[in-house]
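Residue numbers (the numbering used here), protein chains in the order written: chain A, 270 to 508; chain B, 15 to 351; chain C, 19 to 306.
Derived by calculation from the structure, the hints in this document are not laboratory data.
From a predicted model like this one, the values you see are computed outputs, not experimental measurements.
A virtual CB, placed ideally from N, CA and C, is assigned to each residue, including glycine.
Careful, some of the hints might be misleading.
DSSO-like cross-link-like pairs, simulated, lysine-lysine; straight-line CA separation at most 27 Å [claimed, not checked]:
(1) B:K323 / A:K329
(2) A:K428 / A:K272
(3) A:K428 / A:K329
(4) C:K182 / A:K407
(5) C:K207 / A:K428
(6) A:K389 / A:K402
(7) A:K389 / C:K182
(8) A:K329 / C:K207
(9) A:K407 / A:K445
(10) A:K428 / A:K473
(11) C:K207 / C:K102
(12) A:K445 / A:K493
(13) A:K407 / A:K272
(14) A:K428 / A:K402
(15) C:K102 / A:K383
(16) A:K402 / C:K182
(17) A:K383 / A:K428
(18) A:K329 / A:K273
(19) A:K445 / A:K428
(20) A:K407 / A:K273
(21) A:K402 / A:K383
(22) A:K473 / A:K273
(23) C:K149 / A:K383
(24) A:K273 / A:K383
Going by beta-carbon spacing under 8 Å, a handful of chain C positions derived as facing chain A [unchecked claim]:
(25) G154
(26) H157
(27) A191
(28) D195
(29) Q200
(30) L201
(31) I204
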Amino acid sequence: MPKKELIRVSNIDVFYGGLQALWDVSLTVRTGEIVGIIGTNGAGKSTLLKGISGIIHPQKGTIEFDGHDITNREPFEIVEMGVCQVPEAGRLFPAMTVLENLDIGSYNRNARSKRNQNLKEVFEHFPILEARKNQLAKTFSGGERQMLAIGRGLMSNPKVMLFDEISLGLSPIVTKELYRVLREIRARGITAIIVEQNVRRSLKEADRAYIIEAGRIVLSGETKDLREEEKIRKAYFGA
Amino acid sequence: MGIAISRSRANLISAIVVIVALSLLPVISVPQTWVLYLFLFLTYVTLANMWNLLAGYCGLISLCQPAFIGLAGYTLAIFAWVGLPFYLGVVAGAFVAAVFAVLISIPVFRLRGIYFAIGTIVLPEILRILFLMWRPVGGVMYGKGAGYPVKGATSISASEIYWLTLIIGIGSILVMRYILRSNLGLALATIRDNEGTAASSGINVFKLKLYSFVISAFITGLAGAAFYISQGFIEPTSAFSVQWTMTLMLATVIGGISIEHGPIVGSVVVVILHFLLARYSGFSMLIQGIILTFIMLVAPNGILGTLRKTPPSWSLLTMLQVSPKSQRPRNRGMFEP
Amino acid sequence: MNTLTDLAIPITMGIMLGGLYALVALGLSIVFGVMRLINVAHGDLVLLGSYLAFSIMTYLGLDPILSLVIGIPGLFFIGFFMQKYLLNRAFTISMEAPLIIAFGISIVLQNLFQIVWTPLSRGLTTSYTLKSFVMGDLHLPLVYLLDFFVGIIVMISLHQFLHKTYLGKAIVAASQDRGAAQLMGINTKQVYAFAFAIAMVFAAIAGVFLGLTFPFTPQSGVSFLIIAFGVVVLGGLGSVTGTFIGGLVMGLAQTLGGYFLGTSAQMLIAYLIVIILLATRPQGLFGR
Numbered sequence: 270m271p272k273k274e275l276i277r278v279s280n281i282d283v284f285y286g287g288l289q290a291l292w293d294v295s296l297t298v299r300t301g302e303i304v305g306i307i308g309t310n311g312a313g314k315s316t317l318l319k320g321i322s323g324i325i326h327p328q329k330g331t332i333e334f335d336g337h338d339i340t341n342r343e344p345f346e347i348v349e350m351g352v353c354q355v356p357e358a359g360r361l362f363p364a365m366t367v368l369e370n371l372d373i374g375s376y377n378r379n380a381r382s383k384r385n386q387n388l389k390e391v392f393e394h395f396p397i398l399e400a401r402k403n404q405l406a407k408t409f410s411g412g413e414r415q416m417l418a419i420g421r422g423l424m425s426n427p428k429v430m431l432f433d434e435i436s437l438g439l440s441p442i443v444t445k446e447l448y449r450v451l452r453e454i455r456a457r458g459i460t461a462i463i464v465e466q467n468v469r470r471s472l473k474e475a476d477r478a479y480i481i482e483a484g485r486i487v488l489s490g491e492t493k494d495l496r497e498e499e500k501i502r503k504a505y506f507g508a
Numbered sequence: 015m016g017i018a019i020s021r022s023r024a025n026l027i028s029a030i031v032v033i034v035a036l037s038l039l040p041v042i043s044v045p046q047t048w049v050l051y052l053f054l055f056l057t058y059v060t061l062a063n064m065w066n067l068l069a070g071y072c073g074l075i076s077l078c079q080p081a082f083i084g085l086a087g088y089t090l091a092i093f094a095w096v097g098l099p100f101y102l103g104v105v106a107g108a109f110v111a112a113v114f115a116v117l118i119s120i121p122v123f124r125l126r127g128i129y130f131a132i133g134t135i136v137l138p139e140i141l142r143i144l145f146l147m148w149r150p151v152g153g154v155m156y157g158k159g160a161g162y163p164v165k166g167a168t169s170i171s172a173s174e175i176y177w178l179t180l181i182i183g184i185g186s187i188l189v190m191r192y193i194l195r196s197n198l199g200l201a202l203a204t205i206r207d208n209e210g211t212a213a214s215s216g217i218n219v220f221k222l223k224l225y226s227f228v229i230s231a232f233i234t235g236l237a238g239a240a241f242y243i244s245q246g247f248i249e250p251t252s253a254f255s256v257q258w259t260m261t262l263m264l265a266t267v268i269g270g271i272s273i274e275h276g277p278i279v280g281s282v283v284v285v286i287l288h289f290l291l292a293r294y295s296g297f298s299m300l301i302q303g304i305i306l307t308f309i310m311l312v313a314p315n316g317i318l319g320t321l322r323k324t325p326p327s328w329s330l331l332t333m334l335q336v337s338p339k340s341q342r343p344r345n346r347g348m349f350e351p
Numbered sequence: 019m020n021t022l023t024d025l026a027i028p029i030t031m032g033i034m035l036g037g038l039y040a041l042v043a044l045g046l047s048i049v050f051g052v053m054r055l056i057n058v059a060h061g062d063l064v065l066l067g068s069y070l071a072f073s074i075m076t077y078l079g080l081d082p083i084l085s086l087v088i089g090i091p092g093l094f095f096i097g098f099f100m101q102k103y104l105l106n107r108a109f110t111i112s113m114e115a116p117l118i119i120a121f122g123i124s125i126v127l128q129n130l131f132q133i134v135w136t137p138l139s140r141g142l143t144t145s146y147t148l149k150s151f152v153m154g155d156l157h158l159p160l161v162y163l164l165d166f167f168v169g170i171i172v173m174i175s176l177h178q179f180l181h182k183t184y185l186g187k188a189i190v191a192a193s194q195d196r197g198a199a200q201l202m203g204i205n206t207k208q209v210y211a212f213a214f215a216i217a218m219v220f221a222a223i224a225g226v227f228l229g230l231t232f233p234f235t236p237q238s239g240v241s242f243l244i245i246a247f248g249v250v251v252l253g254g255l256g257s258v259t260g261t262f263i264g265g266l267v268m269g270l271a272q273t274l275g276g277y278f279l280g281t282s283a284q285m286l287i288a289y290l291i292v293i294i295l296l297a298t299r300p301q302g303l304f305g306r
């Protein structure tokens, strides 16, 4: 049964701070998939996510979500439609408690009525958040922050979640744990885009992936095929 | 035989012609009001130039210019009271203003943008209260309040004041010109664009801001003291009044903030405005405030700035367009993606 | 011993006044915390509250506190539109624009006051503005007690609003991290407008009570602004306790200043405190 196309990015050019960051970038995400965006630092991965979230608007090209044109929509509208970004380094509200951070996650109209239920689920995924629910966010360590950020994202009742480098700076054990939860989230029916520098992890967790280099998509496909791909092996694995 | 005159030669000649014409005005029989308005124009040019130096080139929106004006004026009045010559008083006034600037720079420069503005708003208020309470010399002359007459001001002719202000005005233009073309100007431009980067490239940001602040205070003081010779008396509420800030800010913004000749163009407009609104004194400031708000929203780069965006075909305007990079109008949003 | 009892009155009054000054500062604090804008027109907007109450009292005979029924919505909408159409645009123009525009608004207001209400000193006088109450040995003006309670009530209400309602939480979030707030689905532009409008509501209330406590002229706005700023700098942003303590300090500075230096110079000590604060601890004594 063909999966529905949830996100379609078509030939976008994005400028960031006066300089061009993305050239003619296209990608699609289908319902239930995990799509990886792989590239080195500065390749344009975060810019692409910002484009989808509506923080930056492309100069050229279109972005569609669930059939609607979201190219020039405001970020809050896009969140309301069901796209939620877990930003790089979590970007928690430092002077708020865990509970307050999670609460603000359910700000959008669609999420408010489901707040209690979503909260229960978040605590199921991350028991440690429940244990520390009245602690200030800034007292958390890297891995815990990421958990809170993901939990906060879940509170927004999303259809799609965009994960911006969740494993950055974290130990392999913590990363493994985060991705375990990611799989649980996917089992819930939530689609995901994961942006990663860690190529191995990406290719392992995602169904399909796009390789981005200096603002252009250079390669894409099913991850099982990409793992074999000569270029990748040479460039990223050195073999 | 065609003589090719280079553009800068043409500039210089026209500038000299203008200066000579202006200097002769009080002598040939023009109406006294012309001289008065030109005197105001020259005062405003000086004040606006010096504010532009801070706001347009150092990123310091100074709201404490009235402090410099008032202090200089009071110094002049005190000097006059004890019988010292006027020109000494004017220079002394400027020095007092400059010293004040040095003293307050230590606290206020630690403040960034927003805090700096509030810090500078408090200072004229403090001075206003102090001068209401404090009478350094002489007894009460005019009933109540802490006003001083400027003794002997009547012995100076309007022409003399005019010429003094003309010199100060031209001086302020030359000072701006010199600064902007010097290393100081280049450094200021980098500070304005990105203070952090400027600091890490070895520029002593504090020192440069201080220099600009002191220069601004000094020359503002000169113009302030000269103004009070013409006024003949000084009292705290009007000396330290926010009206000064309003006028010089308007002049700079209308002409074009961060543009070398902005204050000149703006002062012309402001003086014309004062002339037109002279009968409606109650509404004058109100209208100026509305214009300032309106201009900032609609044409924030002022007359010269907006004209520069649409390439002018008039040679007069091309003459005014001597633009080192330090004069590009700033147009960065506060929140970037 | 005598001096101590003499001082007891200005000290108590200063503390009570502190509650009101905390209220005056709340509006400035919200706007600054959320939008990083020092609204130099804040004092004049508070004064607008005073003048509006004055006119309502003069023409409709309404008690100033009751007049808030008109004053609060009035200033709410003025604030909402001012933010949406004037200040919001200002942020996209340049770094200096919001400050200059706020300054322009301040001047317009000051001169508007002068034209409509003349430079004459005005006051909100009612049956209770002259009454006093007794506390121990001291006879204190009743309005000061009212000022204190209003301050406390508003601060508690604000605290509840910021922590228990979605809009309030959105305002707090937007003030901590604008970008992250947007990613939460918060329409930051609208939140800013609301925050500003709420600040105006506080300004309206502050204006009425200030008018009941002191006589005011078209130039009074500047002193309100400086006091409010002093409170914010003392108390730091986002700290209700800090704002309260800041208010106390400013209130005491004024009453003690008036006691030692006379009415015309009463603000001097308060102003000097602000300058010294700015010079030494711009981030506030309690601030983040």
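Here is what the structure says about each hint:
Annotation: proposed proximity of B:K323 to A:K329 holds, straight-line Cα distance about 25 Å (limit 27 Å). For the suggested pair A:K428 and A:K272, the alpha carbons sit about 14 Å apart, so the restraint of at most 27 Å is met. For the proposed pair A:K428 and A:K329, the alpha carbon gap of about 26 Å is at most 27 Å, so the pair holds. The hinted pair formed by C:K182 and A:K407 meets the criterion: a straight-line CA distance of about 21 Å does not exceed 27 Å.
Between C:K207 and A:K428, the direct Cα distance comes to roughly 25 Å. Compliance with the 27 Å bound is thereby established for this hinted pair. Among the hinted pairs, A:K389 with A:K402 is consistent with the structure: their alpha-carbon atoms are about 12 Å apart, no more than 27 Å. A distance of roughly 20 Å separates the Cα atoms of A:K389 and C:K182; the hinted pair therefore holds under the 27 Å criterion. The straight-line distance between the Cα atoms of A:K329 and C:K207 is roughly 25 Å, inside the 27 Å bound, and the hint therefore holds.
Annotation: proposed proximity of A:K407 to A:K445 holds, straight-line Cα distance about 23 Å (limit 27 Å). Distance hint between A:K428 and A:K473 is fulfilled; the C-alpha atoms sit about 22 Å from each other, no more than 27 Å. Between C:K207 and C:K102 the CA atoms are separated by roughly 8 Å; this keeps the pair inside 27 Å, and the hint holds. Restraint check for A:K445 and A:K493: satisfied, since their Cα atoms lie roughly 20 Å apart, inside the 27 Å limit.
Annotation: proposed proximity of A:K407 to A:K272 is violated, straight-line Cα distance about 40 Å (limit 27 Å). The straight-line distance between the Cα atoms of A:K428 and A:K402 is roughly 25 Å, inside the 27 Å bound, and the hint therefore holds. At most 27 Å may separate the alpha-carbon atoms for a hinted pair to count; C:K102 and A:K383 exceed this at roughly 32 Å. Restraint check: the Cα-Cα separation between A:K402 and C:K182 comes to about 16 Å, which is no more than 27 Å; the hinted pair holds.
The hinted pair formed by A:K383 and A:K428 meets the criterion: a straight-line CA distance of about 14 Å does not exceed 27 Å. Simply put, A:K329 and A:K273 have alpha-carbon atoms about 25 Å apart, close enough for the 27 Å limit, and the pair holds. For a cut-off of 27 Å, the pair hint linking A:K445 to A:K428 stands: about 23 Å separates their Cα positions. Under the criterion of a C-alpha separation no larger than 27 Å, the hint pairing A:K407 with A:K273 is inconsistent with the structure, at around 40 Å.
The suggested pairing of A:K402 with A:K383 holds, with an alpha-carbon distance near 19 Å, which does not exceed 27 Å. Between A:K473 and A:K273 the alpha-carbon distance is near 23 Å, which keeps this suggested pair within the 27 Å criterion. Pair hint C:K149 plus A:K383 does not hold up; C-alpha atoms about 54 Å apart against a cutoff of 27 Å. Distance hint between A:K273 and A:K383 is fulfilled; the C-alpha atoms sit about 25 Å from each other, no more than 27 Å.
Annotation: interface hint on C:G154 violated; nearest CB of chain A at approximately 40 Å, more than 8 Å. For C:H157, the shortest C-beta to C-beta distance to chain A is roughly 44 Å, which exceeds 8 Å, and the interface hint is violated. Because the smallest distance between the Cβ of C:A191 and any Cβ of chain A comes to about 5 Å, under 8 Å, the interface hint for this residue holds. Because the closest C-beta pair between C:D195 and chain A is about 6 Å apart, less than 8 Å, the hint holds.
Of the supplied interface hints, the one on C:Q200 holds, with its beta-carbon coming within about 4 Å of a beta-carbon of chain A, less than 8 Å. Because the smallest distance between the Cβ of C:L201 and any Cβ of chain A comes to about 5 Å, under 8 Å, the interface hint for this residue holds. Interface hint at C:I204: satisfied, since its Cβ lies 6 Å from the closest Cβ of chain A, which is below the 8 Å cut-off.
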